[in-house]
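Visitor: Here are the chains, one letter per residue:
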Amino acid sequence: MNQTAPALGKDLIGLEPLSREQILAILDTAEPFKEISERRIKKVPVLRGKTIVNLFFEASTRTRVSFEFAENRLSADTVNISAAQSSVSKGETLVDTARNLEAMRIDMVVMRHGSSGAARFLAERIPSNVINAGDGSHEHPTQGLLDMLTIRDHMGRIEGLKVCIVGDVLHSRVARSNIFGLLKLGAQVAVCGPPTLVPRGFRSLGVEVFTRVEDAIEWADVLNILRLQLERMEAGYVPSLREYNRVWGISRARLERAPRDILVLHPGPMNRGVEIDSDVADGPQSVILNQVTNGVAVRMAVLYLLAGGQPERAEAAKQGGEA
Amino acid sequence: MSARILFRGGRVVDPSQKLDGVHDVLVVDGKVAQVGKDMAVPEDARVLECAGLVVTPGLIDVHVHLREPGGEHKETIASGARAAAAGGFTAVCAMPNTEPPIDDPAAVGFVAAEGRRAGAARVYPVGCISAGRKGERLALVGEMVEAGAVAITDDGSPVMNSGLMRLALLYAQAFDIPVADHPEDLGLSGKGHMNAGLVATRLGLPGKPNAAEDIHIVRDLLLA
Amino acid sequence: MSTERIPVMDDTAVRRAVARMAREIVEKVGGTQGLAVMGIHRRGIQIADLLRSEIESAEGVRIPSGSIDISLYRDDLEAIGPRPIVGGSELPPSGIDGKTIVLVDDVQHTGRTARAALNELMDWGRPGRILLCVLVDRGGRELPIQPDIVGRGVEVLEKHQSVEVLVPELDGRLGVDLVLTYPEAS
Numbered sequence: 001m002n003q004t005a006p007a008l009g010k011d012l013i014g015l016e017p018l019s020r021e022q023i024l025a026i027l028d029t030a031e032p033f034k035e036i037s038e039r040r041i042k043k044v045p046v047l048r049g050k051t052i053v054n055l056f057f058e059a060s061t062r063t064r065v066s067f068e069f070a071e072n073r074l075s076a077d078t079v080n081i082s083a084a085q086s087s088v089s090k091g092e093t094l095v096d097t098a099r100n101l102e103a104m105r106i107d108m109v110v111m112r113h114g115s116s117g118a119a120r121f122l123a124e125r126i127p128s129n130v131i132n133a134g135d136g137s138h139e140h141p142t143q144g145l146l147d148m149l150t151i152r153d154h155m156g157r158i159e160g161l162k163v164c165i166v167g168d169v170l171h172s173r174v175a176r177s178n179i180f181g182l183l184k185l186g187a188q189v190a191v192c193g194p195p196t197l198v199p200r201g202f203r204s205l206g207v208e209v210f211t212r213v214e215d216a217i218e219w220a221d222v223l224n225i226l227r228l229q230l231e232r233m234e235a236g237y238v239p240s241l242r243e244y245n246r247v248w249g250i251s252r253a254r255l256e257r258a259p260r261d262i263l264v265l266h267p268g269p270m271n272r273g274v275e276i277d278s279d280v281a282d283g284p285q286s287v288i289l290n291q292v293t294n295g296v297a298v299r300m301a302v303l304y305l306l307a308g309g310q311p312e313r314a315e316a317a318k319q320g321g322e323a
Numbered sequence: 001m002s003a004r005i006l007f008r009g010g011r012v013v014d015p016s017q018k019l020d021g022v023h024d025v026l027v028v029d030g031k032v033a034q035v036g037k038d039m040a041v042p043e044d045a046r047v048l049e050c051a052g053l054v055v056t057p058g059l060i061d062v063h064v065h066l067r068e069p070g071g072e073h074k075e076t077i078a079s080g081a082r083a084a085a086a087g088g089f090t091a092v093c094a095m096p097n098t099e100p101p102i103d104d105p106a107a108v109g110f111v112a113a114e115g116r117r118a119g120a121a122r123v124y125p126v127g128c129i130s131a132g133r134k135g136e137r138l139a140l141v142g143e144m145v146e147a148g149a150v151a152i153t154d155d156g157s158p159v160m161n162s163g164l165m166r167l168a169l170l171y172a173q174a175f176d177i178p179v180a181d182h183p184e185d186l187g188l189s190g191k192g193h194m195n196a197g198l199v200a201t202r203l204g205l206p207g208k209p210n211a212a213e214d215i216h217i218v219r220d221l222l223l224a
Numbered sequence: 001m002s003t004e005r006i007p008v009m010d011d012t013a014v015r016r017a018v019a020r021m022a023r024e025i026v027e028k029v030g031g032t033q034g035l036a037v038m039g040i041h042r043r044g045i046q047i048a049d050l051l052r053s054e055i056e057s058a059e060g061v062r063i064p065s066g067s068i069d070i071s072l073y074r075d076d077l078e079a080i081g082p083r084p085i086v087g088g089s090e091l092p093p094s095g096i097d098g099k100t101i102v103l104v105d106d107v108q109h110t111g112r113t114a115r116a117a118l119n120e121l122m123d124w125g126r127p128g129r130i131l132l133c134v135l136v137d138r139g140g141r142e143l144p145i146q147p148d149i150v151g152r153g154v155e156v157l158e159k160h161q162s163v164e165v166l167v168p169e170l171d172g173r174l175g176v177d178l179v180l181t182y183p184e185a186s
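Chains as they are written, first to last, in my numbering: chain A, 1 to 323; chain B, 1 to 224; chain C, 1 to 186.
Be aware that a few hints might be false.
[Said to hold, decoys possible] Distance condition first, Cα-Cα at most 20 Å in a straight line; then the derived EDC-like pairs of lysine to aspartate or glutamate:
#: 1; chain 1: A; residue 1: 42; chain 2: C; residue 2: 75
#: 2; chain 1: B; residue 1: 134; chain 2: A; residue 2: 234
#: 3; chain 1: A; residue 1: 34; chain 2: C; residue 2: 90
#: 4; chain 1: A; residue 1: 43; chain 2: C; residue 2: 75
#: 5; chain 1: A; residue 1: 50; chain 2: C; residue 2: 76
#: 6; chain 1: A; residue 1: 43; chain 2: C; residue 2: 4
#: 7; chain 1: A; residue 1: 34; chain 2: C; residue 2: 120
#: 8; chain 1: A; residue 1: 10; chain 2: C; residue 2: 76
#: 9; chain 1: C; residue 1: 159; chain 2: C; residue 2: 4
#: 10; chain 1: A; residue 1: 10; chain 2: C; residue 2: 90
#: 11; chain 1: A; residue 1: 162; chain 2: A; residue 2: 221
#: 12; chain 1: A; residue 1: 43; chain 2: C; residue 2: 123
#: 13; chain 1: A; residue 1: 43; chain 2: C; residue 2: 97
#: 14; chain 1: A; residue 1: 42; chain 2: C; residue 2: 123
#: 15; chain 1: A; residue 1: 50; chain 2: C; residue 2: 75
#: 16; chain 1: A; residue 1: 42; chain 2: C; residue 2: 4
#: 17; chain 1: A; residue 1: 34; chain 2: C; residue 2: 123
#: 18; chain 1: A; residue 1: 42; chain 2: C; residue 2: 120
#: 19; chain 1: A; residue 1: 43; chain 2: C; residue 2: 76
#: 20; chain 1: A; residue 1: 43; chain 2: C; residue 2: 120
The set of hints was computed from the structure by calculation and includes no laboratory data.
Looking at chain A on its own, in the form it has when it is part of the complex (with noise of 0.2 Å):
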């Protein structure tokens, strides 16, 4: 009579490695863990005891501070590493500081690192669960994941829905990780953006690609906004925000003349009146800070899935009864 959840295995690498079932289990389970941070009291002891290293080797605030309150709510204590006073800025290799960390007994490792497999590399050689909080251009699947419960919670459904995303595609490990799980659960998928940073060859992917924002608009139920980083005007992909602003920014007008009305999701932070305009971020399609809520709990979900991912022992405990 267990119902048991599929097991995730060790770790969270990205969306594309999960199935289906999976991707769900996590969305289901997150459900119940939007309610604690209601509470008044906001902590359950499920992870009593357990210790996690948030090991940040890029800037992040808002994913970091995310985890940490998922961690803190679930009662596991927690160390944060980020990149410029680790011992990496001395030289020591990625596996080096993971084992010096394994040796002082921990664990999980939640790691945002700047080259893509990063998590991979990192989660074949230690034995402590390994949670990818985005590796390079590859996945950031929590994100993902977050942005999938948003979907959910708004459109009562997933499957058969029309999602877009918006932006530079080329190098977003969020669109990445969108693409993989609204994928498996049955949504249509679409990108859009210059052809510089949304190269066609995105749909062998199995998603539709957009030039004209305008197009993207008339054909989707869901735009997923993204961040135009700063670096890739630098690097040429687009001649200025402004420009950019002009020709694939999200303003009311153009979601004005949207057949229906759009649910707007950006991961943040936000470069307002570049790819997003003002009165969308806060207009009332946007769902954005809905998905900071719901992005503690899918990583408190994903760090309680992970932390009992012990199928083997799970079986022998079954047999021996009733707990």
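Here the structure of chain A is known, so what remains is to put chains B and C in place on it, guided by the hints.
Guide: What follows is chains B and C alone, placed relative to chain A:
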């Protein structure tokens, strides 16, 4: 009362209509109404005798240098537009290698406005691929198209940076405009003054090998 | 492995037991003032509903109710593996501070579930009093936590025996079975 003009007895050439022969052309209110042999002269039509002349649709020169701004001692937009019209060209595409180069929407707007003011051949502005024609970063392509640019090129200089050329070709897709390149590999053509070959050898002038052009064209084809 | 089910209580027996438990609760508390009933996921919830409607019809009052999912308060997460949290926890609308909370579960065994539920309730607030109420007490306590009100005691001595409460919403009928599991004869 409509204005009718009969162009009589000229050699009419229009490949789009598979025409090349002596015909009469009747124009009513500025539009070709009829093409035929030995047509009756309609009442009140003006007749232009065209025997020995060539009659064609308005020609378009996609590559002209009007030199303005910066080179007005050679040519201006107005003089170029009038010269074009006199030579049978009803539209020209103005290259952006002026001084300063046509690399932003204001400059494109200037060329378009001056062209209209000349009231001769239509002037279609062409914008730069790179800001300042320096071959480093994309110019404001989207805004130039909005201001009336019909194509982009760094004409006069090749885009030597293949990465930039690739970005330009991709970016232009968004606006559905052609990208033109000045095909010359500067590493090969170097300080050459003329085509490399027998004559250059005899004259003792530094030459540019044919490969300088071919390699650049092949590169662009591979990128496109 | 083969299993055998021996019915211990049928629908009528369960309803009778619940009716008696309801009377006991009202008697112990001395009325229904400040009373709230909270079931423990999953089958505690259905038993709690039966109890609540029994009290309501006997006393002619409305009793606030809630539910508790103890997944996050278990002490054996690693051993049992990840479980979906089926419903989350829900407080009675009137809250729990100062209230008399009737905490309801289907079966009491080791006492660990009750321990987890008590801890969770304490994190939520400060109930005036908590009564632990179970339909079946099967013995085998590992913690010194005893129910205040019991529907029926079922002695389960052997490791291969267990008690299952069945509810219409999940199992199609109301009742209690003793389940015997025999290893395959080799």
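Visitor: Each hint: holds or not?
Guide: Hint by hint, here is what the structure shows:
1. 42/A x 75/C: Roughly 19 Å separates the two Cα atoms, so the pair holds.
2. 134/B x 234/A: It holds: about 15 Å lies between the C-alpha atoms, which stays within 20 Å.
3. 34/A x 90/C: Roughly 12 Å separates the two Cα atoms, so the pair holds.
4. 43/A x 75/C: Given that 20 Å is the threshold and the Cα spacing comes to 15 Å, the pair holds.
5. 50/A x 76/C: holds, 13 Å
6. 43/A x 4/C: Distance of about 42 Å is beyond 20 Å: violated.
7. 34/A x 120/C: holds, 16 Å
8. 10/A x 76/C: Roughly 18 Å between the alpha carbons, so the hint for residue 10/A and residue 76/C holds.
9. 159/C x 4/C: holds, 14 Å
10. 10/A x 90/C: Violated. Residue 10/A to residue 90/C sits at ~31 Å, over the 20 Å cutoff.
11. 162/A x 221/A: At roughly 5 Å apart (the allowed maximum being 20 Å), residue 221/A and residue 162/A satisfy the hint.
12. 43/A x 123/C: holds, 8 Å
13. 43/A x 97/C: holds, 18 Å
14. 42/A x 123/C: Since the Cα atoms of residue 42/A and residue 123/C sit roughly 9 Å apart, the hinted pair holds (cutoff 20 Å).
15. 50/A x 75/C: holds, 13 Å
16. 42/A x 4/C: Answer violated: residue 42/A to residue 4/C is near 45 Å, above 20 Å.
17. 34/A x 123/C: holds, 16 Å
18. 42/A x 120/C: holds, 11 Å
19. 43/A x 76/C: With Cα atoms ~18 Å apart, residue 43/A and residue 76/C stay inside 20 Å; holds.
20. 43/A x 120/C: holds, 10 Å
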